[in-house]
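> If you're matching them up, the sequences are chains C and V in order. Here this note's numbering is used: the first residue of the first sequence is 55, the next is one more, and so on. Here this note's numbering is used: the first residue of the second sequence is 55, the next is one more, and so on.
Take the hints with a grain of salt, since some may be wrong.
Each pair may be met inside one copy or between any two copies, as identical chains are not told apart.
[What the hints assert, rightly or not] Dumping the calculated DSS-like pairs for lysine-lysine here, alpha-carbon to alpha-carbon at most 30 Å:
| hint | residue 1 | residue 2 |
| --- | --- | --- |
| 1 | 106 | 185 |
| 2 | 185 | 246 |
| 3 | 160 | 106 |
| 4 | 106 | 201 |
| 5 | 185 | 129 |
| 6 | 129 | 160 |
| 7 | 172 | 129 |
Read the hints as simulated data drawn from the structure, not as lab findings.
Listed here are the chains, written in short residue letters.
Protein chains: 2
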Amino acid sequence: MEDHFRQVASLIGDPTRATILWSLLDGRALTATELAMAADTSPQNISMHISKLLQAGLLQTKHQGRHRYFSFANKEIAYAIEAMATITVRNEIINESSKDENSGIKYCRTCYDHLAGKVAVEMTDIFLRRKLIIQDGNEFAVTRKGKGWFFDQGIQVDILSQARRSLIRPCLDWSERRYHLAGSLGAALLKKMENEDWIRRNKQSRAVIITGKGQKKFYEFFKLTV
Amino acid sequence: MEDHFRQVASLIGDPTRATILWSLLDGRALTATELAMAADTSPQNISMHISKLLQAGLLQTKHQGRHRYFSFANKEIAYAIEAMATITVRNEIINESSKDENSGIKYCRTCYDHLAGKVAVEMTDIFLRRKLIIQDGNEFAVTRKGKGWFFDQGIQVDILSQARRSLIRPCLDWSERRYHLAGSLGAALLKKMENEDWIRRNKQSRAVIITGKGQKKFYEFFKLTV
DNA sequence: ATAACAGTTCATTTTGCATTTAAATATGAT
DNA sequence: ATCATATTTAAATGCAAAATGAACTGTTAT
Chain C
55 MEDHFRQVAS LIGDPTRATI LWSLLDGRAL TATELAMAAD TSPQNISMHI
105 SKLLQAGLLQ TKHQGRHRYF SFANKEIAYA IEAMATITVR NEIINESSKD
155 ENSGIKYCRT CYDHLAGKVA VEMTDIFLRR KLIIQDGNEF AVTRKGKGWF
205 FDQGIQVDIL SQARRSLIRP CLDWSERRYH LAGSLGAALL KKMENEDWIR
255 RNKQSRAVII TGKGQKKFYE FFKLTV
Chain V
55 MEDHFRQVAS LIGDPTRATI LWSLLDGRAL TATELAMAAD TSPQNISMHI
105 SKLLQAGLLQ TKHQGRHRYF SFANKEIAYA IEAMATITVR NEIINESSKD
155 ENSGIKYCRT CYDHLAGKVA VEMTDIFLRR KLIIQDGNEF AVTRKGKGWF
205 FDQGIQVDIL SQARRSLIRP CLDWSERRYH LAGSLGAALL KKMENEDWIR
255 RNKQSRAVII TGKGQKKFYE FFKLTV
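Just need the whole structure built from these sequences, with the hints factored in.
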């Protein structure tokens, strides 16, 4: 077990391989050449690293003509990478170039079946500020006021809370290092936004795009400029 | 963000440091010398590695006379390590020496506020087999029969399920790669076992010892030889 | 006071393994 | 058939960082 952990750790630990894994984090499948570009190294080198990751079972591969697409072998890989990303390194320059700060997977993505990323965290903040939900230690709860608001959006909290599944739960966001909203309520929100075309998902990636309608609605409902 | 991940990854990726982190996984605080023993290397070398982990904020330290005790700086570190451990490495020799298989933290430990490890996984299996709980996709639920059984143990499911907190939830076990029981029911079970002296915890470690009484009871209730 | 122990620092050596160089294979396009 | 592109394999090279050796600071025990 300990050996196994060391193997995984040193596998992920190499900077080039770490970059490969990071590039695949949104769930896409990339070719060797694309990965070489992302990691800024040669195709031979990438090939070597990929073969190690393949052999260890971290990646899976799919042939398509002269291309080979690589992606995570299972979801545990992605969750481990995200867990590692939540570790804060001290002395780190916080003022990273905000260039990539608002783009792609960090901005708006799915996490299991609910929304994550900057948008989700800010939305959760607004729910808290408006007292639609309250935080109590490690838990979230929907207020009476919240029940009404969600009902107006077509989400019936009472019905959701009858189900086995936990209604509402804080979920740590690796990109924001703050909590967003999970549980059946989080899932219902995502579903509603997708149904009403505020956002669109795609199979390849966990990144989510916000439609024009979505932009309007996010502002209308949450005063969020997305 | 990507850089940050690479930093963390390569920090954890070195075999000696990986061993250090693994040794601290149960929540204990160890001295430099103890860590050097665990990693089978020299004190100088350990000191070098520790200082890197300290500077990065993965470890915290506490002086006590001529000793310095090292432990994780926060719980995210432990969760990241555990997430990495759940990644399966293919071609791995499954028949590891079962010597350390049944000992210490892998056998019986706490996970947040419920029981984890081999004992917890087997107990969960038995709940499922006896239909005290059932599994439905990604969720657990308590059956009518289960409610009765837990009531006999002094655990009132109806009262627990009124609370905000999720009653029952599967939680992936890194050592067993299978699910054990979390949620308020899992917490109530742990509490009961501790109160009735089936098990004892200690502040230093997440490992849990099973008392003589506990051994009898585990057999009596679950036909588990612990 | 002296000795033993715990841990750190710094200069030096070693080495694992990533990278580079070079060449081969395989698929698709013209 | 020929050429371009995608990827892999093998051997040679290079280097960052891990380990070692020696010396030093601080604490506890006798």
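> Next step is simple, just say for each hint if it's right about the structure.
Here's how the hints hold up against the structure:
no. : hint         : in the structure
1   : 106 with 185 : neither (50 Å within a copy, 43 Å between copies)
2   : 185 with 246 : within (21 Å within a copy, 35 Å between copies)
3   : 160 with 106 : both (28 Å within a copy, 28 Å between copies)
4   : 106 with 201 : neither (51 Å within a copy, 49 Å between copies)
5   : 185 with 129 : between (34 Å within a copy, 29 Å between copies)
6   : 129 with 160 : both (18 Å within a copy, 23 Å between copies)
7   : 172 with 129 : both (22 Å within a copy, 23 Å between copies)
Consistency note: the structure conflicts with the earlier hints numbered 1, 4.
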